[in-house]
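These protein sequences, in sequence, are chains A and B. The numbering of the first sequence is UniProt numbering, which starts it at 1 and goes up by one. The numbering of the second sequence is UniProt numbering, which starts it at 1 and goes up by one.
None of these hints come from the bench; they were simulated from the model.
DSS-like mimics (lysine-lysine), calculated; alpha carbons at most 25 Å apart, straight line:
hint	chain 1	residue 1	chain 2	residue 2
1	A	Lys217	A	Lys290
2	B	Lys146	A	Lys262
3	B	Lys280	A	Lys217
4	B	Lys25	A	Lys194
5	A	Lys5	B	Lys117
6	A	Lys194	A	Lys99
7	B	Lys146	B	Lys237
8	B	Lys280	A	Lys99
9	B	Lys25	A	Lys99
10	B	Lys201	A	Lys5
Here are a few chain B residues that face chain A, going by a calculated C-beta distance under 8 Å:
hint	residue
11	Pro42
12	Leu58
13	Val122
14	Pro133
15	Pro242
16	Val286
Label-pair ranges, simulated between beta-carbon atoms:
hint	chain 1	residue 1	chain 2	residue 2	range
17	A	Met131	B	Leu90	28 to 36 Å
18	A	Asn57	B	Met130	28 to 36 Å
19	A	Val28	B	Pro209	29 to 37 Å
20	A	Gly197	B	Leu90	54 to 62 Å
Ideal Cβ placement from N, Cα and C applies to all residues, glycine included.
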Amino acid sequence: MNVLKVSRLTIAAFVLPCLLIYISIVFVPILVSLYSGLLDWNGIGEATFVGLDNFRNLLFHDPLFWPSVRRTLMFAVFSMFEIPVALFVAILLRRYIRKPNFLVSSYFLPVILSVVIIGQLWKTIYNPGSMGGMLNQLLTAVGLESWTRVWLSDPSVAMYSLYFVALWQYLGYHTLIQFTGIMNIPAEVYEAAKIDGAEAFSADRYITFPMIIPIFKISIVLSFIGSLQAFDMIMVMTGGGPAHATDVISTLMYNMSFLSMKYGYGSSIAAFLVIVCLIATLLINMIFNKSEKRYT
Amino acid sequence: MNTSQTAVMNKRAVPALRKRFSFAKAIAILFLSVLVVTQVYPLLWLFIYSLKSNEEILSASFFSFPQSFQWSNYSAALEGNYFRYLLNSLFVTSVTMLCVILLSSLAAYAISRFRWKYGHLVMLLFLIGMMIPMQATLLPLMIIFKNLHILNTHASLILPYVAFSMPIAIFILNGFMRSIPHEIEESAIVDGASVFRIFIKIILPVSVPPVMTVCILTFINIWNEYILAATFISSEKLKTLPFGVNSFVSQYSVNYGAIGAYLVLGALPVIIIYFLLADKITQGMVAGAVKG
Chain A
1 MNVLKVSRLT IAAFVLPCLL IYISIVFVPI LVSLYSGLLD WNGIGEATFV GLDNFRNLLF
61 HDPLFWPSVR RTLMFAVFSM FEIPVALFVA ILLRRYIRKP NFLVSSYFLP VILSVVIIGQ
121 LWKTIYNPGS MGGMLNQLLT AVGLESWTRV WLSDPSVAMY SLYFVALWQY LGYHTLIQFT
181 GIMNIPAEVY EAAKIDGAEA FSADRYITFP MIIPIFKISI VLSFIGSLQA FDMIMVMTGG
241 GPAHATDVIS TLMYNMSFLS MKYGYGSSIA AFLVIVCLIA TLLINMIFNK SEKRYT
Chain B
1 MNTSQTAVMN KRAVPALRKR FSFAKAIAIL FLSVLVVTQV YPLLWLFIYS LKSNEEILSA
61 SFFSFPQSFQ WSNYSAALEG NYFRYLLNSL FVTSVTMLCV ILLSSLAAYA ISRFRWKYGH
121 LVMLLFLIGM MIPMQATLLP LMIIFKNLHI LNTHASLILP YVAFSMPIAI FILNGFMRSI
181 PHEIEESAIV DGASVFRIFI KIILPVSVPP VMTVCILTFI NIWNEYILAA TFISSEKLKT
241 LPFGVNSFVS QYSVNYGAIG AYLVLGALPV IIIYFLLADK ITQGMVAGAV KG
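Only chain A is shown next, with the shape it has when bound in the complex (with noise of 0.2 Å):
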């Protein structure tokens, strides 16, 4: 298909200015961090070589390990959750809304603003009634009292009141994904299924849903991979804590290097965290080639 022949030159003059950071940024530390993995190594001192202790240590012996695993898992399947709501928001913008753009644009905000103002605001809306915070001053004006936590700081809420957070902030980007999605699909469509009989909910469960698949599919992946990564909103908003409560696979390796200065080991955290991350990647387009061939 390409016709331009061009000489060696011209091709290294166009792509190694590009590749060549990207490989240095990206691909280096990756190979680095999995070579420090095998340390043990403060990050300044002498480092040890200690082979694949770290990966033994951390996957048999940390306490901390396996439940922040735990958390990134669940933080992953409640993200995941969202995707069906979010079509079904989607499927009433297209249904009754004539003109969605104000609606789109009020569920779109969140989504455009920083970490930092998201998790700051919501750690102030969690904040105790005494500090002025919404969450617990509601609850007592409407004679919840007993409900009323210290969201953040009890262990056993404080995941819950994140992952809150991070539904919060994105449910307007899988509901504007899934609206274009089926924007997309052509309304001839739509008009021939009316013919045979087939509307309202009937036409989604026989077109809405089989075409929107592809879509589907990115929003599982780009939410799947986004709760792996899910880092500075819990570094925000938590840190980890309290007594590492919120602590999830990033936060770990995060709070290893940099507080406990266990580098090597932090580093294998890391090396773990992109192995999973491309494992399940590859994973999720598997399932998803095989449920698009039965469909289509």
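Given the coordinates of chain A, work out where chain B should sit on it, guided by the hints.
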């Protein structure tokens, strides 16, 4: 014949449907409006909060308006280096955007139009990069930058920002450039134009729409980025806006109104841009997601 038949059917079907549907429609609209409230109200609340005095915030009157607007909260907030952070963010984000567009469009052009063996391999490398979490490179990059003595400079932010924005940029640009008809270049070559000239005079001008998408995606991602800035930067005068906002808010723990004001100020630039370009931004970000 078919059309007349369906027209008759529709006429009969419509009244019954409309009655049933208006009820469903009311519920749907109610539901969609409640969602507007849940998505926008927290931000509105923050704005009102930022205009209250400490006493008003602490007395449990969370939905009342302030007695008098405490604009002094904003002057307290503005003393906290706000404009310095804003300038830093502007600088870092615009340099990043320029580099991303220039470098990625060059590479995307080579991948999509040149006849060479390794095009697919290069593309695959960039695709893999999209799956790699940025924070996994945080520690090694810090060590590398420390050895290069660029830690705590804007270069230590711009380099990784550029690198991590490239995969999606190349993906979008490559997809577009593939669709440009080859005849355009052929005639230019016949006229004796060099590849660079073709790139600058023909390819870049027609690629404005995907370049805009890349601009929007890069802007939103980089403008909002927090964790790299917080890890690599330590001087007060180099902090970007998200990092600056976070450190101000964490230090200033008693003056609630000023914290609220600072958060509003921190959100303001993006919100202004969003008001001006809402459709472009939503479309750009969805295009980025769907094509990625």
